[in-house]
Each structure stands twice: as structure tokens, then as C-alpha cells.
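Trainee: This is what each chain is made of:
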Amino acid sequence: MNSLLSWLDDRTGLVSVAKEFARWSIPSSQRLRHLLGWLVIFNFLVLLITGLFLSSTYSPSSQTAWESTFYIQHIMAGGWILRGLHHFASGSMVVLLAVFFLKIVFDGAYRAPREVTYLTTLGLILFTMGLAHTGYLLPWDQRGFAAADVFTNIAGSAPVIGPYLQQIIQGGNVKGHQTITRLHFLHVAVFPMLIFIFFVLHVALLKRLRERHPATATVPAKKLIRFWPDQLMTISLSSLVLIGVLFGLVYTFHGAHLFSAADPAEPYSAARPEWYFLFLFRFLRTPIVEHLGLAFGAIHVPTMIAVVILLFPLIGRSKAGYYFNIVFSCVVFAGIIGLTVMTLQEDAASKEYQAAYHQAEKQAERATELALAPAGIPVQGALTLLRTDPLLQGPKIYASRCATCHPWDGHDGLGHPIEGKGVAPDLANFGTRDWMKAVLTDFEVLFASTVNAKLDGEPIGDAFTGGDMAAWAKDHKDVLLKPENAGDLNALLEFFYAQTGRPDASLTNADLIAKGRDMIEFGELTNGEFETTCIDCHQIQPVGEDKALGSVGTAPVLTRYGSKEWLKAFIAKPGDKAHYGTTTNAMPDFETQLSADEMDLLVRWMTQDYYKAKPAEVKAVAAPAE
Amino acid sequence: MSSPEQQPTTLTDETALAAPRRDFVKGAIAIGAGLTAISAPIIAGATVFLDPLLRSKDTPADGQATDAASAGKPGYVRVASLDSLAKGEPKLFKVFSDCTDAWNCFHDVPVGGVFLKLIGPQQVIAWNSRCPHLGCSVETTAGGEGFLCPCHMGKFGPDGERINEISPRDLDQLDVDIVGNDVWVQFKNYRQGISDKVEIS
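Order-wise, the sequence lines are chains A and B. 1 is the number of the first residue of the first sequence in my numbering; add one for each residue after it. 1 is the number of the first residue of the second sequence in my numbering; add one for each residue after it.
Treat the hints loosely; a few may be bogus.
Said to hold, decoys possible - Pulled from the structure, derived: some chain B residues nowhere near chain A, Cβ distances all over 10 Å:
| # | residue |
| --- | --- |
| 1 | D23 |
| 2 | K26 |
| 3 | D83 |
| 4 | P110 |
| 5 | G113 |
| 6 | S137 |
| 7 | N189 |
What the hints assert, rightly or not - Here are the in silico distance ranges between beta carbons for each label pair:
| # | chain 1 | residue 1 | chain 2 | residue 2 | range |
| --- | --- | --- | --- | --- | --- |
| 8 | B | S137 | A | E565 | 48 to 58 Å |
| 9 | B | E199 | A | A348 | 49 to 59 Å |
| 10 | A | F196 | B | A142 | 53 to 63 Å |
| 11 | B | L148 | A | L14 | 54 to 64 Å |
| 12 | A | R11 | B | L35 | 55 to 65 Å |
| 13 | B | R22 | A | E20 | 19 to 29 Å |
| 14 | A | L126 | B | L50 | 49 to 59 Å |
| 15 | A | D9 | B | L50 | 44 to 54 Å |
Stated by the list, open to error - Derived coverage of chain B by chain A (criterion: at least 3 residues anywhere in the stretch with Cβ under 8 Å from a Cβ of chain A; other residues may be distant):
| # | region |
| --- | --- |
| 16 | 31-38 |
| 17 | 42-48 |
| 18 | 94-106 |
Note that these hints are calculated values from the structure, not bench results. Glycine included, every Cβ here is placed at the ideal spot set by N, Cα and C.
The whole structure should be built from the sequences, with the hints applied where relevant.
Mentor: Below is the structure:
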């Protein structure tokens, strides 16, 4: 054994190095700083290992970055744990470095003969922040994309070289494949390499320091702590606690969040950087900083602070300078913490931000649902799935085109509350059995808000609320709601629901539909009858019949009322004589305002015709209506 | 280093030995805890890296042809029409199917090739066009009699039987189903380089 060790030592010197480690002693005053340094190394190793494995699947391009991250997060065995570890380890790295830095300042550990060692530490901190920032852009989700925007724009705001720098980082005039490959290059090659170089320098300098100024020479033996095994035990146990905390965070938050794939053409109002850059985000939003410009806030001020920090060894030569450094660092950190807390508080209190964040979360969920669907992600990328999804796009179209008059369950379709009741019916229920029931029994209430609607500048007043249908509903509410007639009402609603042709409408009972169909023609109830039947005023061609009942003219045509086709025709020309006619209608024609694709997405959303993860559950919800 | 309970009246051998023993325990803890801590991210990473082996089998394996919506038997893909075949002359056809590749789904893309040979009315033999040796694409020989693999000169007879020792087995025959005028094939790939015909699943 001994001969083997000496052979190895002869060839490599490894055993001597190990023995040297074992002989180390640390002054007890430096124990905490020493421990922090080693924890930073451990934390960096965690990032390096998890990062290496992530790179075995991650694929940097604008059509695969989100998709491969999604694959890691949702499909691969333990992928979310690995990604979560990498994510939270980046956070703990930032925290450890901040504490480490403050400890150096308080210890005055930048003073002679440690000035250059201090500079290498600063380099390591700077490059680590570079890693932290480039890292969370790589998934190319909404947050990463927005952050990439900010990052490249800040680079672009630099004096003189800015625009060139921005083009180089982006790999062109706009963000795309080249932006991701370049950020990836920075993240996995440039910054790690710089860190490696600075780390080697740092260690060499520390070694030299130890040889030239051995602690054993100046510090009494009583105040020395042996590296082996005492300090190493502390380091190992602390590392174990750290990795335990990281696993705890991963488990608690179910790994790192993956927002929806980013669409460059869509606004994203929930954009926030990773928590450790919130201060900069908030600082840039401060009115005076905004006034002075992006370069002032994002480049000049940080550079000035960085220069002062670089000069700490010079300033700290005097006692007063040493205290100045402490105060300066504390002020900077207090500012950072203050701005961070301020942002969190403002965001928590802001209804707009909460709605935007909620919307982003919903979109992220939906993106996952679609990507997990049997149809999978097309080669064009997940963005195609999102852009053609009625559930995601419908509400956006509704919010911009419809919600000015029609609320959607009290909001604009996207969750922003609408003050008042609009000037037209809330359409969240449109086409459902509840809607049909309200039309038949509470028409006046359903259309109450239309009294404020304007036609050619003149309020239409009671055109709807005082119209024939409102009167019919008022007259027939009591008879329809009689307990003996419950079956009849149900049949009538079922009939109308079947006309919508919604995905779940075919499940309805054929006997009931037939019964309802007879009621619209003959108006007979178990107890009582309709004074005027539906087809006395409306024309309707029931599904499955080849002849229309009633005639066009006095009231809207009800053929396939509430279906996609009806809705499209209605939205295109609500004033058509098959619909409301020109005298009562106050809604503009959307025939030319909406493209065919927009119309399709809107209508499919309104009629719930889109992919759902568990159709079995939807059926189960619809069935008990019988 | 001295704890209260170990304050003997005299310095005995006991106390002299206690320090190294304590150091041994500390050293063991240091190494044990350190290795545990650093192995945690390694295990997490290795799990993801070994995902292809760990994934449950009920999801379609990556790269394998999934059943395209079809009128034929499950697992069969329509490859050609009977009209396009002449008796005794093997012809190469591409097999189109849906294909899952990690996060992407490709619809109706070429997933491989088959040789079809008409041997009688409504009777067709199909072979996977990959050579069982190392997976090159086999070609029909100039005379139309048999097959030749251009990579390592593996030769096969008109019925797909191997003629020289290059390929470890005959060409891989596939199941055929003829529906009306359409030839459907149950397309499969088999492991190369071994004498047994083992499906890659």
C-alpha cells in the first residue's frame, strides 16, 4: 500500500497535495469566511454537474429551446428535479456570494497583501452573475424572452459600442436562433471558462499567500483550527445542509417554473426578471432613472458602484476608508434589498400585474396541456400550437373586439374586471342550457344592459327589453317554471342545446330533443300551453330535418342557433334580416374587421370547441343535465 | 478540543488515545457527508441521462413508427397498390407513418423502406430494406435476381436468403395484409448484427 502511494506520489504529487491539505490550519477568526468560500465552491459544483446533465437534452434554437426544456420538465424521468436543482442552486449561489462579499468587506480582507486576490474574487462574482442572468433566458419562455429583450437592449444602450454590441449578442437585428445559440455559448462556454481561469488564479494566489504569510507564524496555536478533520467536517456538513435545502425548495415549488413559449408578436405584461435582478428592474423603472435613460440606470450607475468596489483596497488603507467601505457596501445592499422588497410589494398590490401574472400562469398551463396532447409538438415548435389554440387566442380577440360592450363573466375575457355591466349581454354563458333558459324566462334581465347601447348615436332604449321576446318571456316565465312543466322546460332546453352542435351536445337524449322539437311547433305543455309558439315568430330548421319551420321576417332565424356557423354569420352581420334587423341591432358588422382565422378562433373559443386534456371529465360534467 | 467530561486527574493513555479516535470519527463524517452532498446532483443528473432506459414502456418509444390513422389492421401501414407491382420483380417503397422524436411529433413522414415482391395473385412478400448486418439500405442486383448491400457486399437471393456470410441472417421479412388493391405492411425494425431476428421496441 505504502509503496503504491509513494509510486503515485512520485508520478503525480497527489499524495503530497492531500498531506498539505491535512496540515492546513486556519485562524479561527477566518473560519466563517473560509467556510463560505468552500460553500461557494460546492454550490458551483452543484451548478456545474446539474448544468452538464441538462445540456445533454437542452437544444438551443428558437424552435427547440422551450420544447426541449418542456421535455426535461414534464417528460423525462426526474427532469423537473434536475432542472429545479439547477434553478434553485443559482439562487443560493447569489445569496452565498452576497454574504461572502459582505464578510470580506467587514473583515477588511481586501487589504495588503490580499488586494489582487480580492480582485479575482470580484471577477468570479461578476462572471457568476453573468451565468445567473444568461441562464434563465435559455428556456426561451415568456419570462426568458422578455429578459433577453431587456438584456440585449441594455447592451444596446451602452455608449458608442452599444448598437454593435447588441447586434453581436443577438446575432442580428432581431432575436432568433442566433440569439439563443449565442446566449447558450455565453452560458455554457464563455462564463464557465472565465470562472475557471479566475478560480485557478485565485487558488494560486491563496497558496502563495499561505506560503508567504503562514497563519501558524502569526496566530497562537490555540486560535488555529485544523483543516483536517475539523474544518472539513464543518464544510461537508454545511454542504449537506445546503443540498438538503435545495432539494426542499425543489420539492416545495415542484421545480423551476416554466412559462409558456414566448411569442415575439404578443405583449407580455407580467415580465419580471429572476428575483435577484428585481432591484435592477425596479431601479430602471424609477421615474428619475427613466428620465436619465437606460444607459444611465443600467450601465453608468452600476459601473460607478463597481469602480468604487474595485477601489476598496485603496480606500481601505486608512481606518476611515475601511469604515467607508463598510458603509458604502451596506448602503448598496440596503438599496438592493429595499428595491427588491418594493417591487414584490407593488406587484402584490397591483391588480393589473396580478391579472397579467395569472394570465401568464394560465397560458403556461395551457401550453403544457397542448404539448402533452397526443398530437404532440409540431416541427415548427410549440408556438404554432399556441397561436392556433382557440382557448388561448379567443379571449384575446374577445378582449380587444367584444369586451367594450359585452362583458365575459364580469371581466374582459382575459380576467381584467369590467366596471359596470357594459351595454350588451355578458356572453360567458352564451349557447349553454343556462343561456337558453334565461332567454326563455328572463329575457329582460339578460338583455337589461342594452338600454344604454347606441344605434347611430341614439340609445336604443327598450328595443330589446321592451320587445316581443321580452314580453313573451315575461308572459311564459310562470308557466315554464311550474314544477309539473319541469320536464317540458328541460326538453325545450335540450332541443335548443342540440341545435348548437357543441362537442358534448350529441350526448343529449334523443327523446327529449324530439319532445322539445314538438314544443317549439305546437307549444303544448303538461300543464298549459304557449300563447304564441316559437315558430309563430322565428324560422328554424331543426338539425336532421330538411324543411324549415316558420318564416323569416319578424324575428331572428334560429336555425342552429348558438352553433359555430350561426355565431360566425351573426358576428359578421348582426343587422342582417336573418338576425336582429337594422332597426334594433346596435352591434357593428365584424365581417371585414375580423380575419377568417380570428373569427374561427373566437367562435371556437366561445363554443368550447378546442382540445381538452381529459374529455372523459367534460362528458361527466355535461351528462347529469338530463 | 477538550470536553468537560474528559478531565482526568492524570494524563493516562486513555486521553492520549481519545484525540486520534475523535479525529477518525470527524474525518469519517467529513468524507461521508461530503460524498453524500456531492453525489446528490450527480444522481439527479444521471437519472435524467438514463431516462431512455427508465421511461415506462406504455408510451411509444422514440423514433418508432406509431399507428397512423388507417383503415387497415392496427399496426399496419399502407405502402403501395397492387397495380404498381410486377410479378417476380422486387420493388423498393418508402413507408410513411407518424413518428415521435423526443418532443416533436412528425406526421406522415418516411420512417423506412420495404421491398415488395409479387409472387402470385394477391400474394406479396415484404422485406425491410435495411441490411441485417449493419443497417445499410439493400439494393436489388442488376439482373433483378436477389439483393446486394453496397456497404459490405452482403448478398441475398431472390427470396431474401443470405448467400454469403456477411449478413448474420436473411433479410427481415415483414407481415403483409392485402386489402382490395392496397398492400399494407406491418413495418418493424430489427436489431442488426445478430443472427436472431429481434424487434427494436
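Trainee: All the hints need checking, so say for each whether the structure fits it.
Mentor: Against the structure, the hints come out as follows:
The claim that D23(B) lies off the interface is violated: its Cβ sits roughly 5 Å from the closest Cβ of chain A, which falls inside the 10 Å cut-off. Distance check for K26(B) against chain A: the nearest CB is about 4 Å away, which does not clear 10 Å, and the non-interface claim fails. For D83(B), the non-interface assignment is confirmed: its Cβ lies about 33 Å from the closest Cβ of chain A, beyond the 10 Å cut-off. The Cβ of P110(B) lies farther than 10 Å from every Cβ of chain A, with a closest approach of about 14 Å, so its non-interface assignment holds.
Distance check for G113(B) against chain A: the nearest CB is about 22 Å away, which clears 10 Å, and the non-interface claim stands. Consistency note on S137(B): stated as away from chain A, and its beta-carbon is indeed over 10 Å from all of that chain's, at 24 Å minimum. The beta carbon of N189(B) is kept farther than 10 Å from every beta carbon of chain A, the shortest such distance being approximately 21 Å. For S137(B) and E565(A), the hinted distance range of 48 to 58 Å is satisfied, since their beta carbons lie about 50 Å from each other.
A beta carbon spacing of about 57 Å between E199(B) and A348(A) agrees with the range 49 to 59 Å that was offered as a hint. Taking the beta carbon of each, F196(A) and A142(B) are about 59 Å apart, inside 53 to 63 Å as hinted. Remark: the range hint 54 to 64 Å for L148(B) to L14(A) is upheld by a beta-carbon distance near 57 Å. In this structure the supplied range 55 to 65 Å is violated for R11(A) paired with L35(B), their Cβ-Cβ distance being about 25 Å.
Judged by the Cβ atoms, the range 19 to 29 Å given for R22(B) and E20(A) holds: they are separated by roughly 22 Å. A hinted range of 49 to 59 Å for the beta carbons of L126(A) and L50(B) is inconsistent with their spacing of about 36 Å. Taken as a hint, the range 44 to 54 Å is violated for the pair D9(A) and L50(B), whose Cβ atoms sit roughly 36 Å apart. Here the region 31-38 of chain B counts 7 residues with a CB under 8 Å from a CB of chain A, which clears the bar of 3, and the coverage holds.
With a cut-off of 8 Å between beta carbons, the region 42-48 of chain B has 6 residues touching chain A; three or more are needed, and the interface restraint holds. Given a C-beta distance limit of less than 8 Å, the hint that chain A covers the region 94-106 of chain B holds, as 6 residues qualify and 3 suffice.
In this structure, the earlier hints numbered 1, 2, 12, 14 and 15 are contradicted, and the remaining ones agree with it.
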